[in-house]
Amino acid sequence: MIAPAVSYRMAARMAACYDAIVIGGGHNGLVSAAYLARAGKKVLVLERRHVLGGAAVTEEVFPGFRVSVCSYVVSLLRPEIIRELDLPRHGLEILPLDGTFTPMPNGDHLWRMSDHARTRREIYRHSPVDAEAYDEYARAMVEMARFVKPILSMVPPDPFSYDVKGLGRLAGLGQRFRKLTRGQQHSLLQLMTMSAADLLDQWFETDVLKATMSASGIIGTFLGVRSPGTAYVLLHHYMGEIDGAFRSWGFSRGGTGAISLAIAGAAREAGVEIRTEASVARIKTRGGRVAGVVLPDGDEIDAGLVLSSVDPRITFQKLCEPGALPASFLEGVSRYKFRGSSGKVNLALDGLPNFTCLPGQGAHLRGAMSISPSVEYMERAYDDAKYGDFSRRPYVDIVIPSLTDPSVAPPGKHVLSCFVQYAPYKLREGTWDEKREAFGDTVIDTLAEYAPNLKQIILHRQVLTPLDMEREWSLSEGNIFQGELSLEQLFFLRPVPGWARYRTPLAGLYMCGSATHPGGGIMGAPGRLAALEVLKDVGHGGAR
Amino acid sequence: MKADVVVIGGGPNGLAAAALLAKGGLKPVVLERREVVGGAAVTEEFHPGFRASTVAHTAGPLRPSLVAALDLQRHGLEWTLPEPRVFAPHPDGRGLSLFGDPARSASELARFSAPDAARYPAFHASLGRLSAVLGRLLELTPPDVERPDLRDLFPLAGFGWALRRLGREDGQDLLRWGPMAVADYAQEWFETPLLAAVIAARGIQGMMAGPWSAGTTANLLLQAAAGEGNGAGSTVLVKGGLGALTSALASAARGFGAVVRTRASVERLLQRDGAVTGVVLAGGEEIEARAVAAAVDPQQALLRLLDPVALDPDDVQRVRNFRTAGMASKLNLALSGLPRLRAASDEASLRGRIHIGADIDTLERAFDDAKYGGISKRPYLDITIPTLSDPSLAPAGQHVMSVYVQYTPFKLKAGTWPERAGEVADAVLALLEEYAPGVRSLVVGQQVLTPWHLETTYGTSGGHPSHGEPSLDQLFLARPFLGFGRYRTPVRGLYLCSAGTHPGGGVTGGPGMNAAREILHDLS
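Residue numbers (this note's numbering), protein chains in the order written: chain A, 1 to 544; chain B, 1 to 524.
So that you can see chain A by itself, here it is in the shape it has in the complex (with noise of 0.2 Å):
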């Protein structure tokens, strides 16, 4: 046994030879620790909160009841991500998320389901021409997904640079595209900038089937169904389907922190030393590099590398200390836009909603559940928000995790998670928290029109804004993707046009959360690809 003193001593010694600190223990700044690990370097994770996961994780918010407080559903974490970190063996456990259900106002209902055949029949109740145009909309989609899909591995190049490997890349994009056919061409170049509304007005008639659909091209946003650019999203749902792996959508076993903790345990296994409860108050550099971190006591920790997992506002206009950074970065961070436009309704129920429209313990409960009646339902939603209010009738995507994973709720008894849009950060009047309440007995509500014993049986319910996402996931602006997922901030724009390569202009710090490509959603890809970045610019292998 090692004496206390010693050991301190040891950690202290230890401290000095640090060859990365990574700031942020949520998946992506796992993800990169456990590269770098991999690679030969000692790495240590500092996580502000008391638990690991950043939004994706699992806490007992309420006795009994264990919550994926954030992010609720696992959609495309990269299966490169999946082998080389072995997370199946570190407890990652992937369940199926099957179908979406919508409600309609008019007593009918929309169920799709995995089950192909039965959504083509569900689909033809409501118009024959669009269950034989569902199909061929599947084809295109994972035509384009085909297509799209290896942009997410890939750093962005710079096409302002003379570097020739990147301009090789986006030439060999050009080549890709070239050899599309002309309708290929056609629809990607549709998706890459049209709204989802007006992309499935080509090609689907029945409303409640658009608006549902369109409503992933809005999550996380502050756009609308009938906002340009929002139709990219729309390949999200056809990008897990070609991976044969898993459905495009799922649950993880133990809730979403599962997965972050199955990543934190491939880190440790490399050699990652992970801390939690513990805050970085600032940044430290020396000789125009960074040197480390200093914490809020005062005690610093030396490393030659710094990968920052939080979002670019905090990491360089809180953390960078003033004068590290050139005056132009600055600007192009002060001009990322969050503007976080969702919040989440968590609750623990003793017993489970029962549809108007379909009733009983069916199947249908166990996949998402969408308030999404109309096309106008969601841009109405929309409509309240951009003029700071939050919606009178939200956009709502529920799931039951324990129907299908229930160890999270004691027996008989259920957890229910409501992602809402829309809660704009920056309301007109008044402030989130006292307007929290009310928001949330507005989901409430809007739930209820649909199942009306919902009220009945809620025993607890939590509900964060994005004021409440920003104060404890320092998620600043309570964007859930640290930054709006819009065209002009994507790819070599992402986060800072010129800085979307995972570097910054100060030395040895670099950014590796979903401020940069490919964006947000527990994808890992941003974390991965920091990684292998740092280690293209420093070499594999501990320091000397």
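It should be emphasised that the hints constitute simulated quantities derived from the structure, not laboratory data.
Hints are all accurate, no fakes.
Computed cross-link-like contacts, PhoX-like style, restricted to lysine-lysine with a CA-CA straight-line distance of at most 25 Å:
(1) A/LYS386 with B/LYS377
(2) A/LYS179 with A/LYS165
(3) A/LYS386 with B/LYS413
(4) A/LYS426 with A/LYS318
(5) A/LYS337 with A/LYS426
(6) A/LYS386 with A/LYS337
(7) A/LYS455 with A/LYS413
(8) B/LYS371 with A/LYS386
(9) B/LYS2 with B/LYS23
Take the given structure of chain A and dock chain B to it, following the hints.
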């Protein structure tokens, strides 16, 4: 009758194409359905004694190389660049004028905001630099993606080089701004709500989009590029109205040997062996030609005039999906006197465009109404009083007020346009009354042209001012859509040369000019 090229539609693009084709040695025939040439660039008597540019009221401006190539001044074209270029009254009684001279605009702005005044020259300069590069793009024939042709690639490489020479900062700005919402663009520069609204209005003009819609900055940049990229925007008034501009074009075309016929409505295209070989007029007259250039919108050309059997069914679907729903109306007012705007101290302020729309939210709310199929309760207005610079348009001492009104969606949720056109006039006059009390009592005559009128009278599908939405997915080589963006169509002998092709709308003659170059290349 026989011709080398039949040009369908005698608007600015059809006439520009015909004039250049004739100048290039071919024998074109322009067929205009109406009794006057001009299309949407036309001067008409809308009330006894009052003439106005009934549809478009400012020129793009015309591409300078077109004016030079056709020597249009010799054919009577006279234009004025009024100062201020734009005047924006504020509901609080203040007024903001922007001039061609950035220093003068900046000093005007100082009354509103010192930081904005300080930033204005940089804004003006940035727009100028970007416009110089984008201006080159407007003159290009979009390249063929599948089979790149050296003839196209050379100018394209020139554009690419100019883009890189812009430097990292401007280049990055251009890439970032292109897909951005114009509200963000305007507010990135300025804090004065009225100024932001004046700038944002340039992004939404002619689009079924609000200032918060992504891609509206591209619209602003392209319109700026068509002019000289002035921070104040372009305001080109034509003496005699825009009809004088198209008359000059027609006269130049005739001068080079083109035939320009009015009251010649094309019924359908003559097709033989998979090629277009001429046109059939209403009444049965046939005109054979080596090529037909459609200056009517792409849907008219490809769905109504062409037998769609000639097209791939997928392409037919794409033509149908080309978004052409109009959103703008025109209200032409005959006034017994000059209205007095509370915000304008003298009539000199009113010589350019008058912008009504106090802030970005006002513009966005106007769009909100239209999104759901309603007429904007408080629309965005772009007004000219052409009689201030050209008194010949109205009886002595009286005035014409030409009001561009947005939004009035082509597809109404309730009712029809013939029933509801009056509501547009009511909404506009109620709004104007706030800025110019008493204006209603000056009205002696009025004409309302809604998107429905633009479709039925002027023949543009959906009544769209640019023959199709200038959204990101319908620009450049995708205008009207991929595979049809090079003025040629898959049907041999059929060309497109309307505003529904690159570089799009505005009275610039650009599409006609580019198309003429391609037709001359193919036929010679």
